[in-house]
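Dock chain B against chain A, hints included.
Below are the chains, spelled out letter by letter.
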Amino acid sequence: MAINTDKNSYTFIFAIVMVVVVGALLAFVSSSLSGTISENIRLEKQQNILYAMGVNNNDEGSVEFISTSEVAQVFNQYIKKQLVIEGDQITEDKEAFLIDLKKEGERAKNGEARRLPVFIGEKDGKTFYVLPMLGKGLWDAIWGYVALDNNLVIQGVFFDHKGETPGLGANIKQRFFMDDFTGESILKNNDIVGVKVIKGNNDPLNNDKLDNEVDALAGATITGNGLSAMLSDSFKLYENYLNSILVQ
Amino acid sequence: MGLLSKKDAALIKDPLFDNNPITIQVLGICSALAITAELKASIVMGLSVLFVLGMGNVVISLMRNIIPSKIRIIVQLVVVAALVIIVDQVLKAFAYELSKTLSVFVGLIITNCIIMGRFEAFALGNGPWKAFLDGIGNAGGYAIILVIIGFFRELLGSGTLLGFQVLGDPIAKTGVYALGYENNGFMLLSPMALIVVGLIIWVQRARNPKLQESH
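Here the protein sequences come in this chain order: A and B.
Under numbering that gives the first Met the number 0, the first residue of the first sequence is numbered 0, with each subsequent residue one higher.
Under numbering that gives the first Met the number 0, the first residue of the second sequence is numbered 0, with each subsequent residue one higher.
If we strip away everything but chain B, and leave its shape as in the complex, we get:
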């Protein structure tokens, strides 16, 4: 990346893969389980967190020298909540359909531990530009995992992708359903998301021995 120094590029790249918030830091698991039954919701959630974490990290970073350390967690919460509510209100006024899709995520964004984690661990100690890159990187890493889980859960659970029937019609028995294939309803339930996360962690660590913990 010519635009960014090596250190800055690492801020974005690391959390995408080798320091991924979900698979390595094991943060944000709850929302990864809750909303990945379909691909579209995963993408929307990924983008929302990207926006909130990018903005929030900058705001917290700008305020880092004046935030009283005793109440810093409360201040962080207020910043996230205010950002999310403002975005929600603006969408309700100008993009009503989109806001209805997002409504279910608003609460989940505020309580997402990745956001609080990055505020606490990075934005409080670094300048706004670095904090912005860190926010984008971490939210990106989160989004990638969400999309992977959403892809498999929707494909195997409902036989669709983004709502399109890619495997044929399960009721009329066309496509692969003609061969006796059935959708796996278990994929739609949250436990399966956890198993998919586990599989991703396994693949990732098997490919990169550096990530394996020794016991």
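Chain A extracted, bound-state conformation:
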């Protein structure tokens, strides 16, 4: 028996059944995998924080994190303190790395105080202050972790993005770009200004570490501008805390 697929009633029934079946299927897949996915995200955050403070398996030119099987233990070993800054209050919180910066941004919009995480790590007797940050690239969100020492000189960074163009903006997570930030001071005349990604600063090798500038990526102007804005905005949020750790 051939079905008359042109009838209105059939079209409606088909649409309803299709929506229910596909919806149920997607809901099932999503809920059965959500545990594994959030565990992956948790480990990734730890990997990123450690990467920024120089704890990684990098060899020449590549970006290699501490492996997922070890990262939880290594994280506990290097990260000595996780702080949450809320207004003038600073509290310790072992789960500070799980704070969702996007949600905090929305809280700030509603007039509530933003919770700002800081991760204090120690490596080879040196103390690192790792700040997480979130900003906007060309297509979607960009985010990163910046490790500072107590002279407010960048010791390492890790940047990532959701959907920047491969080969252009997506290169913010490449070594040749991220490594340029190492050694840059975020201070200018004792004010916290951050680091700008800039075209044509005549310093492609980035030898000048006091100019608050790194060389931009070709074809990724808007991603670069977004990154500069993310850095200066985020440092602004942490201004009081950063001034308190700064050695005069």
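Hints in this document: simulated from the structure, not taken from any laboratory.
Ideal Cβ positions, reconstructed from N, Cα and C, are used throughout, including at glycine.
There's no promise every hint is true.
DSSO-like cross-link-like pairs, simulated, lysine-lysine; straight-line CA separation at most 27 Å [unchecked claim]: (1) A/Lys80 to A/Lys102; (2) B/Lys69 to A/Lys6; (3) A/Lys44 to B/Lys99.
If we take Cβ atoms under 7 Å as the criterion, some of the chain B residues that face chain A in the derived model are [as the list claims (entries may be wrong)]: (4) Ala36; (5) Pro67; (6) Ile70; (7) Ala81; (8) Ala92; (9) Gly184; (10) Leu188.
Below, chain B without anything else, positioned relative to chain A:
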């Protein structure tokens, strides 16, 4: 090909060359421009479309007798979107690194006109096996062009292939850079991809007069 009948083999072979979705049918141009600045992204995108189009064509072909014609486009969209999301979720759970590389492509796959085009033009009127071959063939044709564009854009734009510096180090001035060669930054921008597509079309039609349109 001994395994396939002549007609079936043609389903795969035609879209690879003489009926290529990008250079002849001029479909899927947007993603060909967007993600071909490096070779790796081109390969990943090619494989993703291969998978989605192969699977999607089979699913649509199996459903072809029960899909109401009035809402067939919506049904096709739902099938592609569901397939892509399921693949994305599974990768996120079990191959997290790979899923991050792919994340940018998910949206691009759903909106790729080659996929909708093949559903509409082929899968709705043919059996699952033929539809599968057609899907593989068309996605293969798409992938070949993507890889060619990606190869030239990455080589001439960044001096690298798959991330390896094949022409030497542009900053330390080794390899060909020692001779005064410079990377062409323009290759990294989308307009250059269009020009490369144009060159491929030119070469292809010059070699095969059958493909030339008369005016």
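Can the hint on B/Ala36 be confirmed by a CB-to-CB distance to chain A that is less than 7 Å? Hint holds; B/Ala36 Cβ to chain A Cβ min 3 Å, cut 7 Å.
B/Lys69 and A/Lys6: Cα distance at most 27 Å? Status holds; Cα separation ~9 Å.
Quick check on the hint: B/Ile70 CB to chain A CB, less than 7 Å? Hint holds; B/Ile70 Cβ to chain A Cβ min 6 Å, cut 7 Å.
Is A/Lys44 within 27 Å of B/Lys99, Cα to Cα? 14 Å, holds
Straight-line alpha-carbon gap A/Lys80 to A/Lys102, limit 27 Å: Holds: A/Lys80 and A/Lys102 sit about 22 Å apart, inside 27 Å.
If you take the shortest Cβ to Cβ gap from B/Ala81 to chain A, is it below 7 Å? Since chain A brings a Cβ to about 5 Å from B/Ala81, closer than 7 Å, the hint holds.
Taking 7 Å as the limit, does the beta-carbon of B/Ala92 come near enough to a beta-carbon in chain A? 4 Å, holds
If you take the shortest Cβ to Cβ gap from B/Pro67 to chain A, is it below 7 Å? Hint on B/Pro67: holds, closest Cβ of chain A at ~4 Å, below 7 Å.
Restraint: B/Gly184 near chain A, CB-CB cut 7 Å. Satisfied or not? 4 Å, holds
Hint status (Cβ of B/Leu188 to nearest Cβ of chain A, threshold 7 Å): 5 Å, holds
In summary, this structure violates none of the numbered hints.
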